[in-house]
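*Asks:* Kindly produce the complete structure, drawing on both the sequences and the hints.
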Amino acid sequence: MLRITVDGTAYEVEEGLTLLQALDDLGVLMKGVDIPHYCWHPKLSIDGSCRMCQVEVEGVPKLQIACDTPVRDGMVVHTGNERVRKAREGVMELMLVNHPLDCPICDQAGECKLQDYAFDYGQMHTRTREPRRALKKRVDLGATIVFDQERCILCRRCVRFCREIPGTSELAITQRGDRSTVETFPGKPLENDYSMNVADICPVGALTTRDFRFKVRVWFLEEVPGICTGCSRGCNVHVGVADDQVRRYTPRRNDEVNDTWLCDYGRMTYQEIGAPDRISEPAVRGDAGQLVGTTLEQAVECAAQLMRTAVEKEGPGVVAALASAHATNEDLAALRGLLAALGSETHGVPIVTGPADALLIRPEKAANAEGARVAGFGEPGLLLDKIRGGGVRVLIVLGHDIIHEQFLGSPEALAALDGVILLDTHRSRLEQVAHVVIPARHLAEKGGTVTNFEGRVQAVPAALEPAFEAVAEAQVLARIASALDLSISDESERKRETD
Amino acid sequence: MGHRVPHVTHYLTEHFADPGYTTLSGYRAQGGYETARRVLAEQSPEEVIGTLKNAGLKGRGGAGFDAGLKWSFMPRDQAGPSYLVCNADESEPGSFKDRVLMERGPHQLLEGILIPAFATGAATTFLYIRGEYAEPARILQRAIDEATAGGVLGSNVLGTGFAHQVVLVRGAGAYICGEETGLLESLEGKKGQPRRKPPYPAECGAFGRPTTVNNVETFCHVPHVFARGVDWFRSIGTEESPGTTLFGVSGHVERPGLYELPLGTRLDEIIFEHAGGVPGGRKLKAAIPGGVSMPLLPAGHLDVPMANEFLREHGSSLGTGGVIVMDETTCMVRVGCVISEFFRDESCGQCTQCREGTGWLHKLMLRIERGGGTEADLDVLEDVAGKMEGQTICAFADAAAWPVQALLRHFRSEFLEHVRAEKCPFPESFEL
Chain X
1 MLRITVDGTA YEVEEGLTLL QALDDLGVLM KGVDIPHYCW HPKLSIDGSC RMCQVEVEGV
61 PKLQIACDTP VRDGMVVHTG NERVRKAREG VMELMLVNHP LDCPICDQAG ECKLQDYAFD
121 YGQMHTRTRE PRRALKKRVD LGATIVFDQE RCILCRRCVR FCREIPGTSE LAITQRGDRS
181 TVETFPGKPL ENDYSMNVAD ICPVGALTTR DFRFKVRVWF LEEVPGICTG CSRGCNVHVG
241 VADDQVRRYT PRRNDEVNDT WLCDYGRMTY QEIGAPDRIS EPAVRGDAGQ LVGTTLEQAV
301 ECAAQLMRTA VEKEGPGVVA ALASAHATNE DLAALRGLLA ALGSETHGVP IVTGPADALL
361 IRPEKAANAE GARVAGFGEP GLLLDKIRGG GVRVLIVLGH DIIHEQFLGS PEALAALDGV
421 ILLDTHRSRL EQVAHVVIPA RHLAEKGGTV TNFEGRVQAV PAALEPAFEA VAEAQVLARI
481 ASALDLSISD ESERKRETD
Chain S
1 MGHRVPHVTH YLTEHFADPG YTTLSGYRAQ GGYETARRVL AEQSPEEVIG TLKNAGLKGR
61 GGAGFDAGLK WSFMPRDQAG PSYLVCNADE SEPGSFKDRV LMERGPHQLL EGILIPAFAT
121 GAATTFLYIR GEYAEPARIL QRAIDEATAG GVLGSNVLGT GFAHQVVLVR GAGAYICGEE
181 TGLLESLEGK KGQPRRKPPY PAECGAFGRP TTVNNVETFC HVPHVFARGV DWFRSIGTEE
241 SPGTTLFGVS GHVERPGLYE LPLGTRLDEI IFEHAGGVPG GRKLKAAIPG GVSMPLLPAG
301 HLDVPMANEF LREHGSSLGT GGVIVMDETT CMVRVGCVIS EFFRDESCGQ CTQCREGTGW
361 LHKLMLRIER GGGTEADLDV LEDVAGKMEG QTICAFADAA AWPVQALLRH FRSEFLEHVR
421 AEKCPFPESF EL
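Quick mapping for you: the protein sequence lines, in order, are chains X and S. Numbered per our numbering, the first sequence spans residues 1 to 499. Numbered per our numbering, the second sequence spans residues 1 to 432.
No lab work stands behind these hints: they were computed from the structure. Fair warning: there could be bad hints in the mix.
[Stated by the list, open to error] Pairs of lysine-lysine, BS3-like flavour, derived with a Cα cap of 27 Å:
{"no.": "1", "chain 1": "S", "residue 1": "Lys190", "chain 2": "X", "residue 2": "Lys43"}
{"no.": "2", "chain 1": "X", "residue 1": "Lys136", "chain 2": "S", "residue 2": "Lys191"}
{"no.": "3", "chain 1": "S", "residue 1": "Lys363", "chain 2": "X", "residue 2": "Lys43"}
*Replies:* Quick look at the structure:
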């Protein structure tokens, strides 16, 4: 370890890092030690071109760029003195010489590094009278990203991202000098599974996602920590909420899980939360054979009655459950608890699989596949056999992955059951055979913990209330248990109560 | 003055009037390749490096770095290839010496390459030539082919057992590819943009291997150092800057052209005695000593010996030795316009200050020239140039800033005249 002093504070840092890397590793960069930077990104190669991160290193005559200055033992650094300020003001002025300054109509306004640093290091007036460079304002780089050439500060983060992270190299800087711009190669659009990350890492309003641009001003967004539910990686996201709607996911840095990235597929799963096909009302199958809307109390009572009848007639073994890999660990614990209280051990979890890659995308297409396994839910095959053999009368089902073509393909196999109690977020053909349908909450609406493929248990809070009345599955299951006069509190909770 | 006035000599260009000198047999007829053969056969690489360091040969590409010292940086005992690169991307406006060296003496260059190649253990030299130099490229390729066929290059250089090949690579026309790491990027097939340093090329150069980049003329001096000895070489030129160099004189002179003269020759001697002075009886106004990136000198400062140690005292530098002479009709704001336009066009665009500063300087120059400038604009010019200087990946931004700073230092009154008259007061100056 080396000892360095930055603005009077001593730090121990690892050898072989540059100053910005070392401060980032310490967790103090921009959180106490403010060194503005554009081209440097913790997960990309060093570029050294924006020149914004200049600092004074004692004993070195010229100012040094912190991104590319190796730490040395005994190094003394000043990040905010007058000389450094002047240099940064110089860079800012030059960076803005050709910038259109169209913040009022720019979607990045409010989360723009150019804007932020201009407040710190900019001038209140311009010294140029010449026209600024006029370039294209809307270039489709691919299906997901729109590029404003005029706003680009040529930090090349996007170019390096495509080269270094997905390895697809779609973007390049063409032309030179103040005519430089980002372009794709003819006939080869920006098209990779991570394309929208370039908008996240673009420090200015040059790259925006077609999905989010002009949707909402970012200062109206509340950003709540969340977990992407697209696969078992469990990428950390910011859930951007405005007007009680999720407007976007953006990656939240977690070097152990997803670095600073998020795949395009996962990013777009936020749309499921406010989708029109959400189950928004409890329903029970009426006398005419149709599902009829009802209250949660009545739906719970109806579910309890179905279970009670079956248990009384044929014993607890005929009540079974299909868990969901989308449910939280808390929901799954409640389901296990209910089954245990009943005395039934018949259960399983369908986990839908799909394409994967070496970067983030995992084959299991649910956030809590590993959590379901850890909770004891195995492959659903045995349970399905038992259902087909008539050994199950009432089935509690969380989610509808069971009718995915990788499992049943259709709900028909469940049609003969006396009771199908469905707790689900989205409408599906499974409703056709359900006797009770109870709306469930999306992870972003209930919070809780999920366990990723590596066994990492990640907790998130609820980001928003659903637009309709719904409670988390764990609470629904607790209410059903209560209606059956069963207690489903697990061992640890019971222990806590007695302590 | 401190420098010795040597006997007049010209060794680089001695045989350039002989068209046969460009052929292998013609070159050999003048004793060509004999020095290289003797050095390779009789000396150790360490001895060769020692001789080169003692000679004090300064790089002729612009920066004036000690060539022997540069070669000594090459790691000796490393597995895998190392490279030499001959920088023939001669792009500095006002410079045309390398072109002549390649067209008239291609084998002199190849011999000059062989000696440091042997000393540094390089198996390959990449000869990177600017794309516009089609004729020199053709002549060089012919010389390389002839030398290879004649056993001068190849697996057994001149019968000494040393193996060396020279690969000619043509650039695509970018000034920045004359910057050594911009050249290396271009050589590797990438966009010509200078690299961050460290690592320096001697550690990680072409294709990630140890590499030394030298200018064409620098190589051409080498056989002469070994043929006639260090003492002879150091007897020419100045104490700090030995040898001759090729001064390319252009602009308002009677006899524009290339003059091989000892380093330390006074600038006014070059202009008035060798190049015949300013035509038409007009007065000289200013001269750029070493290509447009070097700060110009006004008429009163031209008695300076042309060597870095003296030019430095005048706030300038030898650069590539391209002398551009301007007479009294020349509008210095127009000079600023053409120079800043050149640098605006050629900036690679990586670093903020250079990309945006070069364009801003050019716009300011144009506005002042067209009569739309203010006194405040002069301060902005100085300020912007100051913000560009010394803060970027390579020295290009310095090269763009220095001429502007020199123009304002020496000719601020002319800029003010433009501002006050709201037009250019030099109607007879060259057209923009």
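*Asks:* Hints first: check each against the structure and report whether it holds.
*Replies:* Quick rundown of the hints versus the structure:
no.	hint	verdict
1	S:Lys190 - X:Lys43	23 Å, holds
2	X:Lys136 - S:Lys191	23 Å, holds
3	S:Lys363 - X:Lys43	38 Å, violated
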